[in-house]
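*Asks:* One letter stands for each residue in the lines below.
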Amino acid sequence: MESNAGTKETRSNLTASDGGEVTAFESLQFTDEIHRLILAPTTDNSSSFTALLELPPPQAVELLHSPDSPKLIAASPPNVEDFQGSFRFPSNSGLIERDARFSLFSGEANNSNEKRNSPESKNVSANPEKNVKSEPAETESSQPLVSDPTVEKRSIKRKDRENKVKGSTKKSKTVANENSEDAEKLPYVHVRARRGQATDSHSLAERARREKINARMKLLQELVPGCNKISGTALVLDEIINHVQSLQRQVEFLSMRLAAVNPRIDFNLDSVFTSESGSLMDSNFPSLVMPAIWPEVQGNGHRQQYQHQWHLDTLQQPVWGREEVCNNYITPENSLLTYDSSANSATLQANHLKMEL
Amino acid sequence: MNKYNPPRMNPSSLRSRFATRFLRTLSKINAQKPTSSSSPTEIFRRYRRIKAAADKSMAYSVRSRRTWSRAMLWKLRTRPCGRRSVKTSTIIKSREARKTRHEKQNKNTTTTTTTTTGEDGVVFGVEADELRELVPGGEAMDLYNLLDETAHYIKCLTTQVQVMKKIADFYSP
Numbered sequence: 001m002e003s004n005a006g007t008k009e010t011r012s013n014l015t016a017s018d019g020g021e022v023t024a025f026e027s028l029q030f031t032d033e034i035h036r037l038i039l040a041p042t043t044d045n046s047s048s049f050t051a052l053l054e055l056p057p058p059q060a061v062e063l064l065h066s067p068d069s070p071k072l073i074a075a076s077p078p079n080v081e082d083f084q085g086s087f088r089f090p091s092n093s094g095l096i097e098r099d100a101r102f103s104l105f106s107g108e109a110n111n112s113n114e115k116r117n118s119p120e121s122k123n124v125s126a127n128p129e130k131n132v133k134s135e136p137a138e139t140e141s142s143q144p145l146v147s148d149p150t151v152e153k154r155s156i157k158r159k160d161r162e163n164k165v166k167g168s169t170k171k172s173k174t175v176a177n178e179n180s181e182d183a184e185k186l187p188y189v190h191v192r193a194r195r196g197q198a199t200d201s202h203s204l205a206e207r208a209r210r211e212k213i214n215a216r217m218k219l220l221q222e223l224v225p226g227c228n229k230i231s232g233t234a235l236v237l238d239e240i241i242n243h244v245q246s247l248q249r250q251v252e253f254l255s256m257r258l259a260a261v262n263p264r265i266d267f268n269l270d271s272v273f274t275s276e277s278g279s280l281m282d283s284n285f286p287s288l289v290m291p292a293i294w295p296e297v298q299g300n301g302h303r304q305q306y307q308h309q310w311h312l313d314t315l316q317q318p319v320w321g322r323e324e325v326c327n328n329y330i331t332p333e334n335s336l337l338t339y340d341s342s343a344n345s346a347t348l349q350a351n352h353l354k355m356e357l
Numbered sequence: 001m002n003k004y005n006p007p008r009m010n011p012s013s014l015r016s017r018f019a020t021r022f023l024r025t026l027s028k029i030n031a032q033k034p035t036s037s038s039s040p041t042e043i044f045r046r047y048r049r050i051k052a053a054a055d056k057s058m059a060y061s062v063r064s065r066r067t068w069s070r071a072m073l074w075k076l077r078t079r080p081c082g083r084r085s086v087k088t089s090t091i092i093k094s095r096e097a098r099k100t101r102h103e104k105q106n107k108n109t110t111t112t113t114t115t116t117t118g119e120d121g122v123v124f125g126v127e128a129d130e131l132r133e134l135v136p137g138g139e140a141m142d143l144y145n146l147l148d149e150t151a152h153y154i155k156c157l158t159t160q161v162q163v164m165k166k167i168a169d170f171y172s173p
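In the order they appear, the protein sequences are chains A and B.
The numbers in the numbering used here rise by one with no breaks, and the one at position 102 of the first sequence is 102.
The numbers in the numbering used here rise by one with no breaks, and the one at position 120 of the second sequence is 120.
No lab work stands behind these hints: they were computed from the structure.
No experiment lies behind these values; they were computed from the predicted model shown.
Cβ coordinates follow ideal geometry from the N, Cα and C atoms, glycine included.
Fair warning: there could be bad hints in the mix.
Claimed, not checked - Derived lysine to aspartate or glutamate pairs resembling EDC-like cross-links, with alpha carbons at most 20 Å apart:
#1 LYS212(A) x GLU222(A)
#2 LYS218(A) x ASP169(B)
#3 LYS155(B) x GLU222(A)
#4 LYS75(B) x ASP169(B)
#5 LYS166(B) x GLU222(A)
#6 LYS218(A) x ASP200(A)
#7 LYS75(B) x GLU206(A)
What the hints assert, rightly or not - Residues from chain A that face chain B, not an exhaustive set, calculated with beta carbons under 10 Å:
#8 GLN197
#9 LEU220
#10 ASN228
#11 ILE230
Stated by the list, open to error - Stretches of chain A that chain B covers, calculated by requiring three or more beta carbons in the stretch to come under 8 Å of a beta carbon on chain B:
#12 208-217
#13 245-259
All chains, full assembly: derive it from the sequences and hints.
*Replies:* Structure below.
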């Protein structure tokens, strides 16, 4: 109730000054009033809230530029349910001030009504929510909040929004740029285009795709050791290709080793597991496999001694084969020997989590 | 009785699944060949089988969740007889690919510097093709999915290498 009364007050105040001089200074006054109003009812009465929010910007706009008050009010149907962002009201006044200064807004206000349903419209409303969460201190990032109630209504792909947030927040450099962009956005602007960039749907989609790919490349860079220092996507890809090839070669060599080394040895899985479990930190192997192999183990227990002898004998003969292999591919063998499994297992676990996310 | 309680890890992790399967297959392979294991051809044959077993067990550990695992399983199933010819031909092909790649790299370094501002699809043209060759099933994927598959494939390959290395170290002191 208080908020409704407050809105009525604002309306009366604003309409009273409507006939008067409409200058940037008056907009400042309005923003102060709005500021006060917004700060006062910080309750969870969302409908009145959004009504509050929706009123100030269109009112401010209207006062600044065109006396089309009914048009604007009608043009911004309050889809209150969509508005769920965190409310940074103090910054809104700052935003309104800036937008008042930049007169781009007026043109947009008229165009945006037509543009509302255009396919090029991109919703920026999700941006402020995320921006606010990530960079709460920045007023620039919280500027689009004012556009929330009106822009929220358009539903666009969230990914595009997020991508544009990241792209724009990373690459927005000057305050002037940011303001010019925000002025365009408020309240019916759809596209968050960086300065000097095309705003076609095609290029935006491509940009979103590129950013997705860059995110994947970063993940790959973390996976592949030694890729963090390389800058340039082509070189990173080359490194990745090298890494995959080396891994495949390692698998081949290891399988060759296994083929050469174990001609006669029955795999005593329990012993393998108990030794592996300490190093691999997988202790549930024995429980899994033991019941299956107990009869084998008992039968083969006495054979182990023979196997050791055979082991030595058979090692000598395939050595020449291994030497040939080793001469040609020394580096993978060295990488095998120096493979720090414990460290890699730890990193692998971290990567597991990332991958599964 | 030693009460050895090693640190507990996820029993259904990729590593444990792969290790279990691979060891089972290895024991099967070794059980099947009690004779003439010293001849190089036998060793070579066994190496092939072990490698196929390793790939197969890795692909099975991943099930069909990933494109590369599905492609690898399909490959392993549909080409059991032509393994040898496939192996040599793939070796030759990989060598040729490596040579051409080195040649292309010199060209690419010049071209990529000029085209970095352009689309990423254009820049990654050659490397993406090579990556597609390496990753099983990569021929029919776009760049984004290819990178995704590559990341998972690298992760699985590293676990495979680690487990096999452990086994090999265990059996060859």
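*Asks:* For every hint, state whether the structure bears it out.
*Replies:* Here is what the structure says about each hint:
1. Among the hinted pairs, LYS212(A) with GLU222(A) is consistent with the structure: their alpha-carbon atoms are about 16 Å apart, no more than 20 Å.
2. Note on LYS218(A) and ASP169(B): the hinted pairing is violated, with a Cα-Cα distance of about 34 Å set against a maximum of 20 Å.
3. For a cut-off of 20 Å, the pair hint linking LYS155(B) to GLU222(A) stands: about 11 Å separates their Cα positions.
4. With a CA separation close to 29 Å, the supplied pair LYS75(B) and ASP169(B) exceeds the 20 Å bound.
5. A hinted pair counts as satisfied when its Cα atoms are at most 20 Å apart, and LYS166(B) with GLU222(A) does not qualify at roughly 24 Å.
6. The suggested pairing of LYS218(A) with ASP200(A) is violated, with an alpha-carbon distance near 27 Å, which exceeds 20 Å.
7. For a cut-off of 20 Å, the pair hint linking LYS75(B) to GLU206(A) is broken: about 34 Å separates their Cα positions.
8. Hint status for GLN197(A) relative to chain B: violated, with the closest Cβ pair at about 12 Å, above 10 Å.
9. A distance limit of 10 Å between C-beta atoms decides the matter here; for LEU220(A) the minimum to chain B is near 5 Å, and the interface restraint holds.
10. Taken as an interface hint, ASN228(A) does not check out: its beta carbon lies about 15 Å from the nearest beta carbon of chain B, beyond 10 Å.
11. For ILE230(A), the interface hint is violated, the least distance from its beta-carbon to any beta-carbon of chain B being 13 Å, above 10 Å.
12. Counting residues of the segment 208-217 of chain A whose beta-carbon sits less than 8 Å from any beta-carbon of chain B gives 7, enough to reach three: the coverage restraint holds.
13. Only residues whose C-beta sits within less than 8 Å of a C-beta in chain B count toward coverage, and the segment 245-259 of chain A has 12 of them, enough to reach three; the restraint holds.
The structure fails to meet hints 2, 4, 5, 6, 7, 8, 10 and 11 from the earlier list, while all remaining hints are met.
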